[in-house]
Amino acid sequence: MKAAIELRQVVKRYGATTALHGVTLEIGDNEFFTLLGPSGCGKTTLLRMIAGFEDVTEGQILLFGEDISGREPNRRPVNTVFQQYALFPHMSVIDNVAFGLKMKGMDLASRRQRAGRMLEMVHLLAFADRLPSQLSGGQQQRVALARALAPEPKVLLLDEPLSALDLKLRQAMRVELKQLQEETGITFVFVTHDQEEALTMSDRIAVMSAGRVQQVGPPREIYEAPVNRFVADFIGETNLLEVEVEAVEGGMARVVLPGGHRIACPAAAGTAGRHHLSIRPERLAIASQGGEIEATVERVVYLGTDLQIITRLDGGAAFDVRLQNSARVAVPAPGTRVGLHLEEGAARLLAD
Amino acid sequence: MAARRPGERSLLVPLLLPTWAMIGVFMVLPVGVMALYSFLTREFRGGVDWTFSLSAYDQFFFDRGLFGDEAPRLQWAYISIFWRSIWQAVIATVLCLLVGFPTAWFIATRPARSRGVWLFLITVPYWVNLLIRTVSLRFLLRDTGPLNQGLMSLGLVDAPLPVVNTNLAVQLGLFYSYLPFMVLPIYAAVERYNFALSEAAADLYASRWTTLREIVLPLVKPGIVAGCLLVFVPSLGAFLAPDLLGGAKTFMIGSLIDEQIKGSQGNWPFGAAVAVILMTLVLIALVAYARSVTRERSA
Chain Z
1 MKAAIELRQV VKRYGATTAL HGVTLEIGDN EFFTLLGPSG CGKTTLLRMI
51 AGFEDVTEGQ ILLFGEDISG REPNRRPVNT VFQQYALFPH MSVIDNVAFG
101 LKMKGMDLAS RRQRAGRMLE MVHLLAFADR LPSQLSGGQQ QRVALARALA
151 PEPKVLLLDE PLSALDLKLR QAMRVELKQL QEETGITFVF VTHDQEEALT
201 MSDRIAVMSA GRVQQVGPPR EIYEAPVNRF VADFIGETNL LEVEVEAVEG
251 GMARVVLPGG HRIACPAAAG TAGRHHLSIR PERLAIASQG GEIEATVERV
301 VYLGTDLQII TRLDGGAAFD VRLQNSARVA VPAPGTRVGL HLEEGAARLL
351 AD
Chain L
1 MAARRPGERS LLVPLLLPTW AMIGVFMVLP VGVMALYSFL TREFRGGVDW
51 TFSLSAYDQF FFDRGLFGDE APRLQWAYIS IFWRSIWQAV IATVLCLLVG
101 FPTAWFIATR PARSRGVWLF LITVPYWVNL LIRTVSLRFL LRDTGPLNQG
151 LMSLGLVDAP LPVVNTNLAV QLGLFYSYLP FMVLPIYAAV ERYNFALSEA
201 AADLYASRWT TLREIVLPLV KPGIVAGCLL VFVPSLGAFL APDLLGGAKT
251 FMIGSLIDEQ IKGSQGNWPF GAAVAVILMT LVLIALVAYA RSVTRERSA
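As they're listed, the protein sequences go chains Z and L. Going by our numbering, the first sequence runs without a break in its numbering and finishes at 352. Going by our numbering, the second sequence runs without a break in its numbering and finishes at 299.
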């Protein structure tokens, strides 16, 4: 994989506080790469450092092998889609889109032509002569996208571009963004705190927390094989149980749940002592008896496509099960005792 | 349009009364009195004789009167006072803009907590009476004042620089008097400016200067225009700074009016006529500006 962006031990400090603790990442050419994490995790700071709006305290940022760490933002061949779009309010839509081309010295006729093509691509050609304030939020978002793509950047940076849109529009834009990325072949670096956004669009995701990258990988790997408690908890919903590892044999551990039930899960040799176990609520089946774990149903929550069954394990821990809402599913009544069957690989032992 | 609620119409008149009274008493009435006086005849002990006359305007514009036997001739003395006043006010406005814009920018880019302190500091000198401040400026600038003594003790000049009683002194005085009127509206405009736009411009390959020219200045322009008006208009009619800092050669409109109204050789109709001419000039300039802005917007 050819790297579009390479971060080497990038550190950011503001006075005494450290926002980023030595981040090292490689973002491939033509990749849709997402920086995902809660607010304050350093993902936006990292993006702003790639764009050049924040200095690099330590470390290096390489763009196609070239060190750009100290360069002014206007000398970096990357463009940004800003969170609140930052469209120039006194310029028409087409002048906004053509601004970068004008700054690069393209003549009036060619830049209007290219800006027109960009607007056509985002279905806004009819709005070329309007002012940004005369457009809806979704339209402004697309103008921001067209403006950032017009100068043909090597890398496009997107800072939570969908967070100001309503749900329907956000879902439509996800598909559109992904398509746009595939068509243009430009590397997208996308910042979001929305894990669903990250999972649906990304080729790879870097999950960040407290100024550190916790895990990097494709969406499926991040979701199904979280490396630690933070990732398991932050991505999707999960049941986190504190367990005792009894023995490890042939790559499988036998662990004791809070209620005394014993189950098997994959583990590295030498694992011992107390650990956290993650079990996704949709990777379980419910039966009236049998199963590796026994629990009592407390409440059934209707979620439309799904049913959430809130149960309590014998040891007192709350435990969620998700069932698809279908006529074939027998819904257990509150108060009944049930057996829970784990799917293959459903239980994962986590490093803390 | 929301429908009017019953009773709203009957409340309208009493609610608008304070506004009307305010505009009437403080604006229409004084300006009316001034305009009226400019068309009356001079009474030599001050005041006016209630006889209609155009002699005040005649005196302003013509050397040999419109009503004499000989052909009328333009009188340049007063027109040149106007010209000098306009020029002084322009220079004072430019000085205020050059210092005021960076100052306003500096304050507006401080953290929100400290902005109030900076604004407060800007206004502190204005708690002192304008007369006292202008006199102090004279003390600072005169031959034996700190400026000249300092320059001489440093060996930079041999003799005191003649600053007092020059155009420069008047310009400095006007600049000093009206600087906050430039800083405050520009500050208000810069504070509303979205700095993400500067980042967006830099991201799209604009240099700092281009960003200032293409993005920042067009967006804070209303503040700059307001500041320039607030400095230019009072500078044009100022009389304290020219009186106290200038000499006979720096006579300005404000001093001319002052002399006509308060002086022992005063001529009230003439003073009023000068004020009317000044006001008309300013109004024409404002209307011309407003029209050019509207044209720009609709273009």
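What the hints contain is simulated information worked out from the structure, not anything from laboratory work. One should not assume that every hint holds.
In silico lysine-lysine, DSBU-like type, Cα no more than 30 angstroms apart, as pairs [what the hints assert, rightly or not]:
(1) Z:Lys178 to Z:Lys2
(2) Z:Lys154 to Z:Lys178
(3) Z:Lys102 to Z:Lys178
(4) Z:Lys102 to L:Lys221
(5) Z:Lys168 to Z:Lys104
(6) L:Lys221 to Z:Lys104
Keep in mind that this is a model prediction, so the values were computed, not measured.
Check your understanding: Among all the numbered hints in the text so far, which are the ones the structure does not match?
Key -> Failing hint: just 5.
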